[in-house]
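Asks: Top line first, the protein sequences correspond to chains U and R. Its first residue numbered 67, the first sequence is counted upward by one per residue in the working numbering. Its first residue numbered 840, the second sequence is counted upward by one per residue in the working numbering.
I should point out that these hints are in silico values taken from the structure, not numbers from a laboratory. Misleading hints may appear alongside valid ones.
Per label pair, the in silico range of CB-to-CB distance [as the list claims (entries may be wrong)]:
hint: 1; chain 1: R; residue 1: E1196; chain 2: U; residue 2: E232; range: 22 to 30 Å
hint: 2; chain 1: R; residue 1: A1094; chain 2: U; residue 2: G177; range: 33 to 41 Å
hint: 3; chain 1: R; residue 1: I1340; chain 2: U; residue 2: E181; range: 33 to 41 Å
Incomplete in silico selection of chain R near chain U, CB under 7 Å [stated by the list, open to error]:
hint: 4; residue: G842
hint: 5; residue: T849
hint: 6; residue: V851
hint: 7; residue: L853
hint: 8; residue: I1277
As the structure is a prediction and not an experimental result, all values here were calculated from the model. Each residue gets a CB set at the ideal place from its N, CA and C atoms; glycine is no exception.
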Amino acid sequence: MEPVIAVNGLVKTYGRVRALDGLDLRVDAGEIHGYLGPNGAGKTTTLRVLLGLLRSDAGEVRLLGGHPWHDAVRLHRRLAYVPGDVTLWDELTGGETLDLLGRLHGRVDEGRRAELIDRFALDPGKKARTYSKGNRQKVALIAALAARAELLLLDEPTSGLDPLMEAEFRRCLAERRDQGVTILLSSHILAEVEALCDRVSIVRQGRVVESGTLTELRHLTWTSITARLERPPDRLDGVHDLEIHGTEVSFRVDSGRAGEVLTRLTGFGLVDLTAQPATLEELFLRHYREPVKS
Amino acid sequence: MNGRFAGAVTLVRLIARRDRGLMALWVGVAVAVPLFNAYSLAALLPTEAARVAFAEISAANPIATALLGRVHDTSIEGLVAWRSSVQSLLITGLAGLLFAVRHTRAEEDAGRRELVAANAVGRHAAISAVMVLAAAVNLVIVALLAAGLPLGFGYPVGGSLLFGLTAGAGGTMFAACGLLAAQLCQSAPLARTVAVGVLVAGLVPGVVVPEERIGILPAGWPRVARAYGDERWWVPLVPLAFAVVLGLAAYVLSARRDLGAGLLPDRAGSTGPVRGKLRSPAGLAWRLYGGQAATWTIALGTAGLGVGWVSTSFEAGTLTGHTLLEIFTYVFCMLVACLTVVAALRPYAEERRGRAEPLLALTGRSRWLSGHVALGLATPVAMLLAVGLGTGLGAGAPLAQLGRALLFVPAAWAVAGLTIAAYGLRPRAAAPAAWGTIVLSALCVALWEGGTIGETAFLLTPFGYGHPALSPGFLAPAAFALVAAVLVGVGGAAFARRDLIG
């Protein structure tokens, strides 16, 4: 099956700055794909190229089987977008803004919109001028989630939302995914991505440095293990960051090598054991602490 | 087509919803000015003999001739068309181009174009929506003029229609010019500057272009059209053709460029640590607005130099070079008063946009306000210095002219003081109060010159003692300086006590 988003070798330069430097990205139908990177890594630029708001300088981009620049209007009817920084028209109320955005999109589920207004506790009668950042964000989110779209492009959509609304947002995304919608979620909130996403791509300086399911990414990393033993060990081979406090040991073991280490631990009389897979945060920091290989 | 116009209808409705008030004002002013001219000229010049005499005086007045051309038709409707031509183009043109930039580049600057364009909206939609609405507004203006002048004053319908069409087509052309500027320039302020520059270049330099070739400029089109005379109905087609060409150019650019891009970029800023001047609120005020103030100061000085130079060799009937110089100096002073209001309203703009809040968390209120007040009070001094030096050097009498211009400083400060006092007491009333004062004072000039109000009443307005027909003592300027000081004090004290607006 053709992927919903297929990007190969995408380059976008602003003057001398290479915002995207040979970026590859693949998002399959029906998944929530986390697009991770710190500020300035190229996340927003990627989304804008996908939306046909920016022209690519090189590389190949396919979106829902079409060309993002040339087929923009046709594709936009099938997707919905939430920008990272939402500004609205001061003179319009929240309700009028939602109506306007719905008309501009063209395919809106009005029942779902009413339900979303309720779930996000938005007061649609107020002028947008009086809305806080979180409320402006809600307007854009409701408009996007109410659209009959096959693909949602979300650029750091939860900035400004309180924890209650963030939880509501996660529930909404999960529902939309269950209805078969594909979601590209750009974010730097790792807990959110870890909780929601099926697959993750990590972007750094305009390139995707890692891509896969969380399990796949963990395969490339390690498991953290803490164990209580009967006898204190003097040494333990094949592990990293070993710390020994009497009969308690903690260390990291490379993926796929836990078995042999456990065998060795049993030799010291294994009493108790906890094992934790690497968190996304650890994965992420690992990529960003290494210098870029040129 | 590929859906390039998709969403245009919805955008038309959005703009009409947002700007219904502004569009009504635009129509109102554009229709009211010719109607007012018809009313006042009929009262002023009731007989053919009076009109012929008026035409002779106007022919001897080089400023009137340069801006409006000679009077060819001494019928009352001919005079009204002559007097209203450039005014109408200025109103429809300025409104049209500001409207165009507001709904294209300014929307993009604000980040709303991204939100809109991610929907099923074609790349031509916004430009088309603006073009349709600008044309519609101008059509309403044409219809109201073609109906109002015959119904209200009994003018011929044909001539009124041609007069309206010339203004409406010109306005549509300048709206298209604003659209193209918005595509070329990377920011809305730059686009406005460029488009207004084109408008001014098209309307003002009748001074440079001889009467017989004035048709090459928009300023000359109403003269070539000769409404109420031997009417030439093809003339409105010229601006319409230009409008089509400019609009198509805007289409081409908007379909090819990136979001946020433009051929004329904004200046890139300093990336490093801020330079010394930015360490105080006054330094920040200077950094934000100093460039604008400096540009105006240089422009006023240059214009003054030109006027001064022309005045040395000027002689037309009763109008001597000296009188010309006096009149222009007075007009420059009134312009400085307007720019003073703009400068004095800046703390309000900063506060309303939420930019005062972070600074007020760091520094005291009086310190923050004093930065803006200092710049607001220094701006008219610098501008009047430029006016005095420019006109004085051009005319070869720098000291006398410098004195004449600087005499206006207390009046300008009084205007600034009033603005600041209103800002401190009732921030939302500051702009109406300040601009209301300017309009009322300008009206008083006309009323005093017409003998409706007495000299004492006139001297109470800021434009009073500086009038060239009066020889001011030092009492009036001193009184205005005192009033200004009190008003600034009141404004500062009130600002320290009130809530911030959000």
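Asks: Which hint numbers doesn't this structure obey?
Replies: 6, 8
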